[in-house]
Structures are given as structure tokens and as C-alpha cells.
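Counted the way numbering that gives the first Met the number 0 counts, the sequence shown spans residues 0 to 55.
Hints are computed from structural coordinates only; laboratory data are not their basis.
All C-beta atoms in this analysis are idealised placements derived from N, C-alpha and C, irrespective of residue type, glycine included.
Hints are not guaranteed to be accurate.
The calculated label-pair distances, taken between Cβ atoms and stated as ranges, are [to be verified]:
id	residue 1	residue 2	range
1	Gly2	Ala36	13 to 21 Å
2	Thr45	Ile15	14 to 22 Å
3	Tyr9	Gly29	17 to 25 Å
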Amino acid sequence: MSGAANRPAYTPEGRIRLYELVPALSERLGAPVHAEAEDIGSMRFTTGPQRLPGPA
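Could you build all of it, start to finish, from the sequences and the hints given here?
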């Protein structure tokens with residue numbers, strides 16, 4: 000299983016709350032979920048192989 004979703008995260012507290020969801024999402028989906036800040040106002044959640052920074 001692989002996929003991605005973006006969620007707004009406008010404050011540091013909002014980002015922390017979203018990071019705290021990762022273990023529950025991983026358990027529910029039965030696959031590792033990764034979260035990373037995409038820009039100043041959003042977080043990106045991915046499943047499957049973790050994306051590595053750098054050129055595509």
C-alpha cells in the first residue's frame with residue numbers, strides 16, 4: 000500500500016498534533032506512515048517507502 004495526503008498545519012501546535020497521529024495511522028492502516036512538513040502551512044503524510052530528500 001502506498002499513498003499520500005496533505006493536511007493544513009498553520010501553527011507549531013498543529014504540527015505536533017499531526018505528528019502525534021502517525022502511530023495511530025500506522026496501526027490502523029497496517030503500514031508505516033511518515034509525516035513531514037511540506038511547507039510553512041502544511042504537513043504531508045505518506046505510506047509505503049519513505050521519500051528521500053533531493054532531486055526527483
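Going down the list of hints, with the structure as the test:
no., hint, in the structure
1, Gly2 with Ala36: 13 to 21 Å, "19 Å, holds"
2, Thr45 with Ile15: 14 to 22 Å, "19 Å, holds"
3, Tyr9 with Gly29: 17 to 25 Å, "30 Å, violated"
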